[in-house]
Amino acid sequence: MSMEPIIRVENVSFTYQVSQDQQIPVLQNISLEVYPGEYLAIIGHNGSGKSTLSKHLNGILTPKEGDVLVNGINTKEKARIHEVRSRVGMVFQHPDNQIVATIVEDDVAFGLENIGVGLEEMKERVDFALEAVGMSAFRHRPPHHLSGGQKQRIAIAGILAMKPQCLVLDEATSMLDSYGRQDILAVVRKLHGEGMTIVTVTHHMSEVAEADRVVVMEGGQIVLEGTPREVFAHQDRLRELHLDVPDASRIAALVHAELPAFAPDLIHNAEVVAEVGRLYVRQAEASGS
Amino acid sequence: MSAEFELTRNITIGQYLPTASVVHRLDPRFKLGAFAILIVAIAICNTYVGNLFALAVCLWLFQVSKIPLHYGISGIKPAIPFIIILAIMQLLFYGEIANGGTVYFQYGIISISSESIRLVIVSAMRFVEVIFLSSVLTLSTSTTELTHGMERLLGPLEKVKFPVHAFALIITIAIRFVPTFAMEMEKMMKAQASRGADFGTGEWWRIVQRTKDMFPIIIPLFNVALSRAEDLILAMEARCYMPGASRTRYTQYKAKGIDYAALGASVVISVVMLGIPW
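Keeping their order, the protein sequence lines are chains B and D. Quick note on numbering: the first sequence equals residues 1 to 289 in the UniProt record's numbering. Quick note on numbering: the second sequence equals residues 1 to 278 in the UniProt record's numbering.
Chain B on its own, in the form it takes in the complex:
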């Protein structure tokens, strides 16, 4: 990928000040680039710094050392923070805690009101965003009548309305039931298909398998990086880091240990089925001839 990255994280370190003489280092000298149209997953167990890193991507936190550049704009530039935040939108974990208004469409418009978009354009963008997440029918509802997945879709709509280039999901599916999660993943998949850059921080390995690239964090540092297939090949290493692998990877590794013909590097359920099919057909052919 030779194009310019949307987000460039350069040697970033961050510490939380606990008391006057006690600091907890959360990020240590991290460098990372996010490219346009990419689907990046950040994983790591609790306290690995992944959420802190994601909060640096749109200037909610600014690095103690190093810089974060969004389209060349340093997130430390207070005067241009609006530009950064309308380019990199962020959806948080708790669906209830990010909805501000008492009516769905008012909430979707909240970010637009903040950046001073005119009325006509605002209406268009609210329509567009609600349509994109499939919530147009709910526009006049109060948010407390919606399910968790629906609330989270509203939160995404509120970000989409601002026409960001990059959507950061900070454990956005972790409070949802599996139905709500599927819902959100479908929306994210669709947006990515339309060219949106996605950065997702997650615990769910099935979500990670969909990404183009995975970054594994531990103790405030990036310890593994690569495509999901490359990363999930290091099952022992991941286990040391208290991380799971997708069911498909685990099954493939188990079968591979007994039957070496079975491919070990599978990450999607469908691949397991295809691999079983492939071996089954080969066997049938062998016994048939």
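There is no bait here: all hints are sound.
Among the chain D residues that face chain B by a calculated CB cut under 8 Å, a handful are:
#1 144
#2 175
#3 180
#4 232
#5 236
#6 242
#7 246
#8 248
#9 251
#10 252
Hint data in this document are derived by calculation from the structure and do not stem from the laboratory. Note that beta-carbon positions come from the ideal geometry of N, C-alpha and C, so glycine has one too.
Mind docking chain D on chain B? Use the hints.
Coordinates of chain D only, in the frame set by chain B:
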């Protein structure tokens, strides 16, 4: 027993009753303005006939807004003790201040005159009228419209650096989180009750005991509220919220003829009410 924990079911935020009447469709800015004028007029009006007229106007408003009168009456019920206490105080101690008229009875500082009797009756009527009016207003206007209307009406205060928008946002967020916290509280009550806590079983006059019973709910609720607030701030900042920055508005109101008519009507009614000499 189970009903005690069903907090979310009983929640009415505001008490909007959608009957799609003319009153419901009024521009909230004009509606608030008109009701404010009427309430001020009622507060000034101290004649029997004027107040009877105001009462008639209130009943007529229930009629026009297609709201059953019992909604208004149920609003008066909790106020009855206050009205009675107020009436007794005024009857006994206002004879000196409300001078003029014939004195019927005098003993020490207690003095009852025709004027103080009039004051008692008029202020009881005022009470009822104001409750009726505010019932019609809140029953015919959603909380969202109320906050929007209020924000627009207070708009000019921004010139003297009063943070009108922040004020409206605080109200909006408060309303937005009422059901969330009700649900939270319900969860906590159930959790504490399942571990043997007692709620509301003590006698009602043992206020201290009953307050203490609520501590295991109130303290975690505060805790949750603070962490939610922190999340909300992050989410608002991520969507470019800057306190005090100028913003555009998604909801726009455009006054129609009927809105001006309503405002005009409230002025006329007020003038008539105050013009009645008896």
